[in-house]
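Undergrad: What follows is the residue order along each chain.
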Amino acid sequence: MILIGENLNVSSKKVGEALKNKDRKIIREIAEAQAKAGMNMLDINIGPAPKIGSEMMSWVVRTVREVTDLPLSLDTTNIKAIETGLQVHEGKALINSISAQPERMAALLPLAKKYNAAFVGLTLGDEGFPRDANERGLFAAQIIAEAFQYNIPEEDIWLDPIAPPIKTQQLQIQGCTEFTLMIREAFPECKSIYGGSNISNGVPRNLRGMLNRTYLIMLKRYGIYSAIVDAFDSELANIAEGQRPELEKLVYSVMDGDDIDNSVLSEEEIKYVKTTRVLLGQNLYSDFWLEL
Amino acid sequence: MFEISKVKYTGKIKEVTLGSGEKAVIIGGETCYPFHLFEGEMPNTPKIAFEVWDFEPDDWQDWAIEPFRDVIGNPAAWARKCVEVFHAEIIALNLKGADPNGKDRVVEEVVSVVKNVIEAVDVPVIVWGTSNDEKDAVLLRRVAEVCEGKNVAIGPLSEKNYKHIGATAIAYNHPVLASSPIDVNLAKQLNILLGNLGVKDEKILIDPTTGGLGYGLEYSYSVIERDKMAGLTQEDIKLQYPIVCNLAQEIWKTKEAKLTQEDDPKLGDEKKRTILLESVSAMSMLIAGADVVIMRHPESIALVQEMIKELTSRGI
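Protein chains in written order, with our numbering: chain A, 1 to 292; chain B, 1 to 316.
Please keep in mind that the hints were generated in silico from the structure rather than gathered at the bench. Take these hints with a grain of salt, some might be off.
[To be verified] SDA-like mimics (lysine to any residue), calculated; alpha carbons at most 20 angstroms apart, straight line: (1) K12/B x F2/B; (2) K255/B x E218/B; (3) K160/B x G202/A; (4) K167/A x L193/B; (5) K160/B x T168/A; (6) K150/B x N116/B; (7) K271/A x K160/B; (8) K115/B x V146/B; (9) K167/A x K115/B; (10) K8/B x T168/A; (11) K274/A x K23/B; (12) K167/A x M283/B; (13) K160/B x K274/A; (14) K167/A x P48/A; (15) K274/A x K255/B; (16) K271/A x P181/B.
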């Protein structure tokens, strides 16, 4: 599984300030630390940055390049910034992202073609967020059809099922999970990607990893190709690399509705069982899901 | 032989006692979806609480005042009339006068009204605050004190003020209404917080936040339904509490309840219309899973009571 480090993100206070002050040292440090943590790619999220995005993106890409050759995911809604990022990026970059909204596709697909970049196909259209797996499928088909017009190969399309935050949209998680399973059959040539920390947005900080790791196991089972993750969650990286097969097996049993005997499980394993149940929608989410 | 498929239930709503003495009322206790008596038990039929205000309302429709015209300036007499004339089983005293966005009556003035009402009736009382977190934190604690021994349901408690009011309610042994903004996850969370604070299971009621017909009724409906599904079929013990809907104030303040036939002939007779608005909304809440609805007009209440009776009588 391809892991993409999320930690160069403008919404982090430290990174936000470093971007504003062009603090090369901090940007290099974070890039280097993520590479060391075993990430296969790095996400560069500069936000919409309407005025200075273009210049900022090219500066960050060049700065990160001083310490690592890892491929980068250029994460912004600013189209100009995507292009300047692609210009200075060597090797195959990932455009993050292109939704099924016609004006986004019209502006960004030509760039993907011109720079031979892969792109995240965000299953989201003009009508807003998808409500279930089928709507995701519909948006995915629109993106693939449009990319075909530009002769972009399907293997360069990384479909994103859009993982919703459990805190406010617990019911929507099923659609994301189901669509991930559909990708293999419906769009076998495409790759897939999801925001591995989205699910735990708004959840108390010390509990986020538990949700992120459990959902990773669930989507990994369904063949997800890559995830944008917290590079410093080493346990999550272990799971992605297949080093916790017993945990994966346990989560699968919960997904399959097997009877689980808590008395033979460790405290950690019980947490995974509870978290899987919440992610499956079998238990209603509250911040105290691990304590009940 | 043909058999209708039945829902499998794994949970039971907890029973909560309101009031004290002979007229105390038990609510909750159901082991099935509302009125699904072919699948389980509803040992305590859903109840209607008569709404009484802490001051003479200045914006009520004349046809809402009419049944109470002789007592409407005196909350204690008003409450007594509800019991003696209209056979109210529960009184819901709405402390609207204390609302900082309204009359902003001082706490002690309102507390003395509460005392008078409590002493005037022998049926259980629900005391409903202002929904202003700060004011209620002071006001409802005093209410808990002066109602000692009466087992009065006090609320609404929010995630912001539940600690203050909850602790006082524990000390004086009153049930509390845990209020969340039309959100099943937050409802669960507040119930857990109250439990952690030490409020006993048999002292927790859920206020899901109620929307009137045309003003979000369907959202409340879904949330109440989901509360009950979680509690009854998903073993969600933190949602196994009775639900109280404060409906009257949401219905009677709307444009559709205020316009007269003269204002808009298309809307038809105003009294008939409002009574139907209130009774249909109340019935919707009950069918979704409410255990208590707070209502205003004796005629709408009579209609709903008749429907409850029909739906709970055996021998279908």
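Undergrad: Each hint: holds or not?
TA: Cross-check of the supplied hints:
1. K12/B x F2/B: 28 angstroms, violated
2. K255/B x E218/B: Judged against 20 angstroms, a Cα distance of about 18 angstroms means the pair holds.
3. K160/B x G202/A: Holds. K160/B to G202/A sits at ~18 angstroms (cutoff 20 angstroms).
4. K167/A x L193/B: 16 angstroms, holds
5. K160/B x T168/A: 19 angstroms, holds
6. K150/B x N116/B: Between K150/B and N116/B the Cα gap is close to 13 angstroms, so the pair holds against 20 angstroms.
7. K271/A x K160/B: Answer violated: K271/A to K160/B is near 28 angstroms, above 20 angstroms.
8. K115/B x V146/B: Given pair K115/B, V146/B holds - Cα atoms ~7 angstroms apart, limit 20 angstroms.
9. K167/A x K115/B: Not satisfied, since the Cα-Cα distance of roughly 41 angstroms exceeds 20 angstroms.
10. K8/B x T168/A: 28 angstroms, violated
11. K274/A x K23/B: It is violated: about 43 angstroms lies between the C-alpha atoms, which goes past 20 angstroms.
12. K167/A x M283/B: 31 angstroms, violated
13. K160/B x K274/A: Distance of about 28 angstroms is beyond 20 angstroms: violated.
14. K167/A x P48/A: 25 angstroms, violated
15. K274/A x K255/B: Outside the cut-off at roughly 47 angstroms; violated.
16. K271/A x P181/B: Given that 20 angstroms is the threshold and the Cα spacing comes to 29 angstroms, the pair is violated.
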